[in-house]
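This note's numbering applies: residue 1 is where the sequence shown begins, and numbers increase by one.
Among the hints, erroneous ones may be present.
[To be verified] Below, a list of computed lysine to any residue pairs in the SDA-like style, where the Cα atoms sit at most 25 Å apart:
#1 Lys134 with Arg260
#2 Lys152 with Val40
#3 Lys152 with Tyr296
#4 Lys147 with Ala63
#5 Lys175 with Gly199
#6 Lys147 with Leu124
#7 Lys298 with Ser373
#8 Lys249 with Leu457
#9 Lys298 with Lys175
#10 Lys147 with Ser166
#11 Lys386 with Tyr296
#12 Lys130 with Val95
#13 Lys130 with Ser68
#14 Lys249 with Ser149
#15 Lys152 with Val243
#16 Lys298 with Ile381
#17 Lys152 with Asn194
#18 Lys152 with Ala67
#19 Lys147 with Arg260
#20 Lys147 with Gly199
#21 Lys447 with Ile461
#22 Lys72 with Pro94
#23 Lys298 with Ala309
#24 Lys175 with Ser47
#25 Lys298 with Ile387
#26 Lys134 with Arg86
#27 Lys130 with Gly155
[To be verified] Here are the computed distance ranges between Cβ atoms for each label pair:
#28 Ala28 with Phe332: 44 to 50 Å
#29 Trp248 with Ser391: 17 to 23 Å
#30 Ile251 with Val46: 26 to 32 Å
#31 Gly32 with His426: 34 to 40 Å
#32 Asp311 with Pro284: 18 to 24 Å
#33 Leu429 with Tyr83: 30 to 36 Å
#34 Ala186 with Ala12: 55 to 61 Å
#35 Arg367 with Met304: 18 to 24 Å
#36 Tyr224 with Ser191: 17 to 23 Å
#37 Lys298 with Gly446: 55 to 61 Å
#38 Pro143 with Val46: 27 to 33 Å
#39 Asn194 with Lys17: 37 to 43 Å
#40 Asp371 with Pro284: 33 to 39 Å
Read the hints as simulated data drawn from the structure, not as lab findings.
From the three backbone atoms N, C-alpha and C, an ideal C-beta is built for every residue, glycine too.
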Amino acid sequence: MVDRRKQHNAIALLVIKVLSFSTILLMALLLGYLVFRGLVRTDVTVSAYLPTEHAPFRVYSGASQPASLDRKQLQDLLEGNLYRMRTLSGYDDPVTVYVQSSIVDALSSSLALDAATIKENTTLYTPGEKLSSKAGIYVFTDPAAAKPSGFKPIGVRNTVVQVNPSVTALYNNKKLSILSEEQLSALLGGSVTNWSQIGGPDLQAHAVASSQAVTSQDGAYRVYDNVDASDAATLQVRLQHTVANLSWKYIFAPSVQGGRYGGVGTIIINTLLMILLSALLATPIGIGTAIYLVEYAKQGRMRMIIQSAVDLLASVPSIIYGLFGMLIFVQFLGWSFSLASGSLTVGLMIIPTIVRTSQEALKQVDRSIIDGSIALGATKIETIGKICLPSARDGIVSGLILAIGRAAGETAALLYTIGSGTDVAHTLLSPARSLSMHIYLLVVEGKGLEGAFAASLILMIVVLFTNMVAKVLSRKEKR
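Make the full structure from the sequences, and use the hints.
Right, dumping it as structure tokens:
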């Protein structure tokens, strides 16, 4: 009998350990995946332009610039078609282009641009001049010239793979138009002798030296620095490289064009404001309700009704709170989509969480201490303020932390109340956007999963930060 009980205990303990470690492992995997995707991203570019080894010019840039530029981007810079860095780096830095005066003709020839256009839309300089290396500054120099101080080199992509039209023709319901980097390396290395080896038609693959030979010979291809390939048949290449997804600039830079460009600095501020206003509304109401239910309410119908209402509100879906907030705050009170409407809606939503956790914390206070305080002449409210609340502080703070975490991560309740403005809310009636809403909008509007993962990681950090602040303030009060 004893042995059987020991076996049952050992099996139960093993099951408990397996379940607990499985939970910990699952949480670690989820958090690890989120952190990894938030910190690192894989950029995939499908382009006809490949890195050029021997360009007749060099390009340098200031901070936060792309690793390389293709022919079209270089042309836009030199023609003055790019005024902001949004399409190149994702940030709103103004663009300024400096060109070494001695390479204007080389740029004109290499990129098929008019020399007068380059001079008109750029600033000519001579080597040795002091240039600012802030973001958005580009410098075109002679390959033999020294690198400008404070700048970093930018790769040039001006090489193309020109092919005979027979290579890109439809063949067995398939069409060869894009190569991977591995396929391109195999082609240039000579290991691909037939286009069928890389998904193309059954044609011999052979390199030729001139554009005329490419046009006249089936299966021919040519790799060269493009001068004007607008009418030529070219293969695109899928370029892939890993870069940092989260940076200090992304955290602090303001959002631009509805969050499509820029960072999340203004959105973080709006999130903190929303959390603060929600907590200021919900905390006194939640704790006050808990005190009434534990210390004042007598067993009866009224107490049962209030308790049932709290339990019901705790289980109401957040989207219902959003609809209620839209009806009352947005429409009836006329606050429109604003920080006040969203914050009050979320504040109402987290009140039940604070009530329930505060109730449980207050119930744990030793009743003999409360009775002793009243017996010594203290009033009920004095006993609650000096005995009950300090003794239950840890449990109440834990409830506040849970409520803050729910408020920070809320989306559905804010869709109909807070608006989607990405500027800092200067008044309570200004529209705003929280990090959770920003993540949602990035995904549903197709603005990029990578930005959503970066914002998700920042949201985790914001929640941890607010939790730490709450704990620190609680410890200071306890002392």
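Hint check results:
1. Lys134 with Arg260: The given pair, whose Cα atoms are some 22 Å apart, holds under the 25 Å limit.
2. Lys152 with Val40: holds (21 Å)
3. Lys152 with Tyr296: violated (70 Å)
4. Lys147 with Ala63: Given pair Lys147, Ala63 holds - Cα atoms ~15 Å apart, limit 25 Å.
5. Lys175 with Gly199: holds (8 Å)
6. Lys147 with Leu124: Status holds; Cα separation ~16 Å.
7. Lys298 with Ser373: holds (20 Å)
8. Lys249 with Leu457: Holds, at about 15 Å.
9. Lys298 with Lys175: violated (79 Å)
10. Lys147 with Ser166: violated (44 Å)
11. Lys386 with Tyr296: Given that 25 Å is the threshold and the Cα spacing comes to 17 Å, the pair holds.
12. Lys130 with Val95: holds (17 Å)
13. Lys130 with Ser68: holds (24 Å)
14. Lys249 with Ser149: holds (22 Å)
15. Lys152 with Val243: holds (16 Å)
16. Lys298 with Ile381: holds (17 Å)
17. Lys152 with Asn194: violated (41 Å)
18. Lys152 with Ala67: Between Lys152 and Ala67 the Cα gap is close to 9 Å, so the pair holds against 25 Å.
19. Lys147 with Arg260: violated (33 Å)
20. Lys147 with Gly199: violated (43 Å)
21. Lys447 with Ile461: holds (22 Å)
22. Lys72 with Pro94: holds (19 Å)
23. Lys298 with Ala309: Since the Cα atoms of Lys298 and Ala309 sit roughly 16 Å apart, the hinted pair holds (cutoff 25 Å).
24. Lys175 with Ser47: holds (17 Å)
25. Lys298 with Ile387: holds (21 Å)
26. Lys134 with Arg86: holds (15 Å)
27. Lys130 with Gly155: With Cα atoms ~22 Å apart, Lys130 and Gly155 stay inside 25 Å; holds.
28. Ala28 with Phe332: 44 to 50 Å: holds (47 Å)
29. Trp248 with Ser391: 17 to 23 Å: violated (43 Å)
30. Ile251 with Val46: 26 to 32 Å: holds (30 Å)
31. Gly32 with His426: 34 to 40 Å: Check passed, 39 Å falls within 34 to 40 Å.
32. Asp311 with Pro284: 18 to 24 Å: holds (21 Å)
33. Leu429 with Tyr83: 30 to 36 Å: holds (33 Å)
34. Ala186 with Ala12: 55 to 61 Å: For Ala12 against Ala186, whose Cβ atoms are near 59 Å apart, the range 55 to 61 Å holds.
35. Arg367 with Met304: 18 to 24 Å: Hint holds: Cβ distance 22 Å, inside 18 to 24 Å.
36. Tyr224 with Ser191: 17 to 23 Å: holds (21 Å)
37. Lys298 with Gly446: 55 to 61 Å: holds (57 Å)
38. Pro143 with Val46: 27 to 33 Å: The hint (27 to 33 Å, Cβ to Cβ) holds, given that Pro143 and Val46 are roughly 28 Å apart.
39. Asn194 with Lys17: 37 to 43 Å: violated (59 Å)
40. Asp371 with Pro284: 33 to 39 Å: Since the Cβ atoms of Asp371 and Pro284 sit about 26 Å apart, the hinted range of 33 to 39 Å is violated.
In this structure, the earlier hints numbered 3, 9, 10, 17, 19, 20, 29, 39 and 40 are contradicted, and the remaining ones agree with it.
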